[in-house]
Structure formats: structure tokens, C-alpha cells
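Residue numbers (this note's numbering), protein chains in the order written: chain A, 86 to 299; chain B, 325 to 678.
Mixed in with the good hints there might be a few duds.
[What the hints assert, rightly or not] Facing chain B, according to a computed beta carbon distance under 7 Å, are these residues of chain A, among others:
| hint | residue |
| --- | --- |
| 1 | G142 |
| 2 | L146 |
| 3 | A147 |
| 4 | L188 |
The set of hints was computed from the structure by calculation and includes no laboratory data. Glycine included, C-beta positions come from ideal geometry on N, C-alpha and C.
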Amino acid sequence: MERAQIVAGFRDAMLTIDRYQARRIITEYCDVDAPQTIVDDVIAPALEAIGDGWEQGTYSLAQVYMAGRICEELADDLLPPATSSGHSGPRVAIGVLDDYHMLGKRMVRAILHGAAIDAIDYGRCEAWELASRAQNDDIDILMISTLMLPAALAVEDVRRALTAEGIRPWLVVGGAPFRLDPDLYHRVGADRMGTSASDAIRIVRELEGALPDR
Amino acid sequence: MNADTMTPMERVTTALGHREPDRVPLFLLNNLHGARESGLSPREYFSDPIRVARTQVALQKRHQHDCLYAFFYAAIEVEALGGEVCFVEEGPPNAGTPLLRDPEDIERLEGPNANTNPVLKRVLSAIAEMRRRVGETVPIIGVVMSPFSLPVMQLGFEAYLLTIFERPDSFWELVQRNREFCVHWANAQIDAGATAICYFDPVSSPTIMPAEHYAKIGGHIARTTLARIRGPVATHMASGITAPIAEAIADTGTVALGVGDADDLGALKACIGERVTLIGNLNGLRLVHQEAGEITRNVQRAVAAAGPGGGFILADNHGELPWQVTDEQLAVLREAVTIHGHYPLAGARTDHDG
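This is chain B alone, in the form it adopts within the complex:
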């Protein structure tokens, strides 16, 4: 029987140090499942930070995975800025009518103080309560939207693309204002007890923007933002491809990268695996209808591709498991990690093998 011998914190920090822990760490990014577990709608569930913390800790204990995910929902930053959020019953809330309608709105935009804004305070309270409950045994992951990606929800995607290409002055003004807020919001989460920050930046992915723009725009914004965050940062492009810009992402100062399932995990490991820990790349949407055999094979595939030598955390590839993924499927996933994820990995060859 493969037994765990490390705490989640020890396991994750060992993996991040590019060494092999007792087993491959597993992040179940199950923020929405807390609502399902509580029998509440997402709107009700996320209204009470103590309930969020309590439920996430309970789910971490049940599945024996390796983080507490302090992510509420992507639109929470827009909500904190005064924007509209649309809740649905069995899925993530989304941003509603765009908050910014013309260039003058950008000039008036001011990021809220996370320590006094009632919306952001809920997240900080949840993080503090998680830390109180688990001490230093489990890493807590805070979340920010990148200054480059947040405008999709502030302006609407179409207006934002036009701003990028046709109104560069307004674009950079918005980025500058968002960057100040992003740094402040990330550091407030670190101060509240978050171990690391997940920097969601899907717009930087070559799925959304041409790869040749990354160095000048998304990568430049990431470098200048991450340098001011007082804790380790993992970059995540929410299923978008990363391979064409992988080396430039590694140069931003990020310690980890969320990998989409369209990327070749093994090739990325060979390219940037010595500099950046890879997180991924199970397809959460497909997991919704997968049976045990397929789930297990996907775990084996990912572990074999990126597990050797450490520097790998198994997780879904989008940064949020769909509500519809069942507890039974998660139990299968966890069992597959027990069987196939313990070091030394079966059939793996490391540098120490000679």
C-alpha cells in the first residue's frame, strides 16, 4: 500500500523545489463543489466566508488533496469594482453588463481597498479562517485576474479587443490602473494567509492573442506585476495553449504554470520543466462524463509525462472543476494518484539512475 508520508505543504513545496516528494501533489480546484456540498446555490454559498473556509477544509480532508483553493469566482473583482455579477444555479457566476462603457470610464476607474471593500473582504476572511484551521500544513491558493485579462469582464470581450488594437492609449491606461489593483489585491491575500497566488491570464495565451505579442504586452505586464507580489505566483491560462510562449512565461518570474490539455505536457516539461513547476492538465469538462478506466489512464499519462524529478502538480486544466464532476469521479482520480503517483514512479528514470 502506498502511504503518504508528507503533509500537503511539504509535498507541494518539495515539488515546487523540483525534487520528488512522497507522491505527485494533487490540486482539486473545487471551489464550486463547496456550494454543492453545502446544498446551497453559489450565490448563497459564497456570501459566507466562514462557511466557504469550513467547507473547503472539509473537502480537502475528504479527498486528501494538496491545497485549499481560496477562489470564489472570476467575476468577484468586477463585483468589487461595482460591476454586475450573474449567478446561475449549477455553475460559476459570470460578469454581467460591462462596467466600463467609454474611455472616460477608464480614467475614472479606481481599484478598491481590499481590506475595506465588502466583496473582497469576504475572500480575505475565508483565507484567514482557512489558515486558522489548517495552520501551515496545507497551502492556501489565492487568486487574482491579470491586469491584461481582467478587462474582458470590465469592458466585454469585443470592446476590449478593439481597445487593444485601435485605442492603445486607453488600453495602457487601463492596464496601469488594473496593475496597481492586482498587486494590492494579491498582497492583501498573502497578508491574510495565502501561501501563493494564482495569476489567471487567459488573454495572454496564444489561443486568444498572437504569440508574437506576448513579449511586448502580456509578458511585459506579467513581469512588471509579478515582481511586486510578495509571494510565489503560479501563472494560469485557463485551458489556453502555452507552448509557443512557454520560455517567455518562465522569464516572468512565475514559479508554476497551469497547462491546458491541448498542450503536450511532456514537451513542456522538457522545455521549461527545470525552471517552472507544471500544473495540469486533466480536462475537467471531459471528466464530467468519464468513467473510472479513462480517469485512471489520464492520471497515469500526466504523471508519466511530467512527474519524474518533481516539478509537477496534477490538477484540472482550467483552474476550476465543473460543478457536474461528481464526488465518485474525484474519488477515482484520488485513488489513481495513490496507485500511480507515488515516487519513485513506476518505470520512470531520473538523473540519479546513472
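So that you can see chain A by itself, here it is in the shape it has in the complex:
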């Protein structure tokens, strides 16, 4: 089977929430001894295709979420601990600002995990707390998930707090207020905005290239 067919089959299995078929495609058509290749060549492109479909209104948030879960489960089984937790790329953290609803953060973490990128989970935080933890953990990319406009506007407070801590990690935001007002992320001092959870893969890989060598 051609790689494009494998990706399309895997994508369709996730869209129909068919865990069995998704796993069968990976185990039958991919080299399970090369898990990073599976992530790069099949899982990540399929997740990105689903994310693009959501942005275009073709697929739904429920499908993006369930796809993230399926990939997360596969990554847990396929990837050795060294690959999933010893990723040598940028240090990534994600938190939710002033909100109790964690779906966006959960989706981004699942999708990043499925793509063998670990993100430290800060849970629900206030602006100063996010900045302080980012400073302590030497974070390169700080992702913030928001649901309501006041939380989106509070990203500006995070940027101020990060500056007060003397650090300038890449600040990446996502959530409904940013999706519905695509210029908002600029105004609150963020560096990037993800319009779907799978954008996180693209953004981390892009920013990874811009980081100084560790």
C-alpha cells in the first residue's frame, strides 16, 4: 500500500472512531520497530489533515478530539518511553488560563503526544503562575488554551509576567476567542495562534527550527 493510501486509511479510521481499524492499519502496513517513522509519516500527517478539515468546516471538533485520543493510545503502545518522554526537541508546556474547561488543552496534549512531543501539563493557572512555572521549567514554548474572551485578554498579563520574570518563550494561544477573531492573538502579545489542536504539531516543529541549539 502506498504511503498516501495508508495515511488516508488511518485518517478515515479515526474520523469514524474505529480504533480497531486504526490500529490494524499501523500494525499491518507500518514498521512497528520504527515508531518515530510511523509518527512522522502516518500519524502526524493524518492528524494535520483532520485539523485542516476542521478549519474548513468539513470535520467536527468531536472527530478531532477522538482522533487525538486514538493517536495518544497508539503512541503509548508503540513508542518506547525514551521516545515519548526523552524527546530532545523544545521544552513545551501547556496551561488553561482562568477556566475550568480543559477540553482544548487535553486535545492539544493528546495530539502532541501522538506525534511524540511531550508537553508539561500546567492545568488551570492564573497569569503569574504560568509565567513563574515557565521560568522554573525553562520552557521554550508556552501554550495557552482559552474558552472565554476575558481569559483570552488575560494572555496579555501572561506576556507581562513573563517579561517580569526575564524570559521570552514563544507564546502560542488557541481556543474559541482566537479562532473567531483571528487578529486577537497579535493584540494580546502572543507569537502564534493555533486554529485547531493539530496545528500544535506544525507550530512546535516550526518554532523548533527557530530555537538556539541546546
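Take the given structure of chain A and dock chain B to it, following the hints.
For chain B alone, kept in the frame of chain A given last:
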């Protein structure tokens, strides 16, 4: 000078009848602005239903828009069920820690009696006071969460998605219990004086759930719920897209549909405009930083797309104007309606033109 010649009630009912009133009706869904106007936090403001009614009536008079919006906040139904609500200073309160944690909780869930529950009674009192103050001149819009969308706040979004896909028995049990409450709560608002009910159902939008599920799930729930509500119902998907399921929404018995700004208003008008009045689709979040020219252009665009022939109400697309939208911006919006929203619309061609 374009002068209004109808009351808001006459204007809205004419539009809902798919005829052209004196001008395009305007709904400013400014529930949060009442708190700002009163100089109070949302928590303090919404604690007094008479103050809510008085302030909403004052704002309706100031902006000369066409409804009284009896919406307090989305999480009020969860609060009435015993759940936690988190208030913020300059925005809508939101549901806190999920109320339901396991399937057994669903089996124990019982909707409160709206006429005795202290939380819901506040809304009913506000509606009754609004009706006392305006009589039949201004429509009053009551609000319910759909039985399909309320569980996002009852369970948390993630647990709810898993319930839908992995525990269908629990899902339908919850929907059934929510449907009984929804019907009761909607009818209690009608009895208190609401003219119509806004049925918020964002989870049914193809933005959230696959469009092919609508007929079996969200649409089925809407049909069986709306049929038991004793008044006209407008369906609103809170900025979610509606186009892929528009015809199925029109089959639920809804008289109107809130349209998000990602939808093509003109295309929806052509698709379902003869059956359903369209409400929308100004982007309230963008309105926060828009200047007069852009606000006016957006009003012109929406009126031109959906205004001809009636069946259109101009409003924000989310069902709640952000706190941060200023009175000055609303005045510009209202002025744009005066200039561009009077019938016959400039450049519009109706069936009567031959």
C-alpha cells in the same frame, strides 16, 4: 430621515411572518451590558431580577432595538441543578467543576421545578417584570440550553464526548432527563411572559459534531423537544456553522435560526429563507475593536444578504455581546440600521418588482 413606524413587537412578528416591516429588526443581545450599565459585577447584577428587568428595559429604550433578552448566563441551568458557577468581573460566568461524575449521577439527576427553584425563579421574576413594564410592545426572549448541549456543562466537554461515543445508554438517559427539564423550563418562561424561546444548541453544529449525526441525534432531540414548547422557538448554535444541516434544522419546527459569521448568510437565505427567519450574523468578538466604517459595512452586508422580503433579524452571531463592546459602538450599529435597514431596501429587488 428614516423613521420607525412600528413597535418592536410589530416589526419582529412581521419579519417572522416573512414580510417586510418598516425596517430590519435589530436584537442587541446585551445581557452582560446590564451589569456594566449598573456599575456592578455580573454576580451582583444577576442576583436581583427586578434590577435586571429595569436595566434591560432602559437599554432597549436607549438603543431602540427590538427585544428584551431575558438571558442571564449559560451556566444558570447547571446552577439550578446544584452545580458550581464561576463568576468573572467583565465577562460571562461559566460552569465550574462538573456536576455529574459518573453514570450513577445521571440516574439520580432530576430537573428542578422552575417555579420554586430560587435560581430559576430569578429569571421568571425578571421576565414578569419586563412584561409588566413593556406590555405587548417589545418581544421578550427566554432562553434554554438544549438537552443535547447542556451536558457540556453538566459533565465537562471531554467526559461528555466520551459518553456520546462510548456509553450510548448513559447518553440517552441524560438526554431524556434533560429534555423533560428543558420543556418544563421553556414553558415556565412562556408562562411568565416570554414571547419566544431561544434554544441554544451549539453541540449540534457541524463545528462540534459530524453533520451526518444531526438527523439521528441533535435534530431528533430538537424535534421532540420543540414540539412540546408552547411558543415559538429560535434555534441558535452560538457561532457554530449551520449550513451543512440547515434544511434539517428547518424541519425541527424552529421558526428562526441564529447564524454564525462563518456561514454565508445569502446562501442560507436562498436555502431555507422561506421557512425560517435568519438571525445574525455580526461577529461580536470582532466588534470589540471595530471602528464606525467597518461596523456600518458589516450591517450593510448582512442587510443586503438576508434582508429582502423580511425573514431577517440583525444581531450578533454568538447570542451574547461581549462586555467589551462599547455603547458608542452600539450607537454606530444602531445608526447604520437606521440608514441602511429601512424597507424598501436600497437596491433590493423583491418578488413584487415583477
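Could you tell me which of the hints above the structure violates, numbers in ascending order? none
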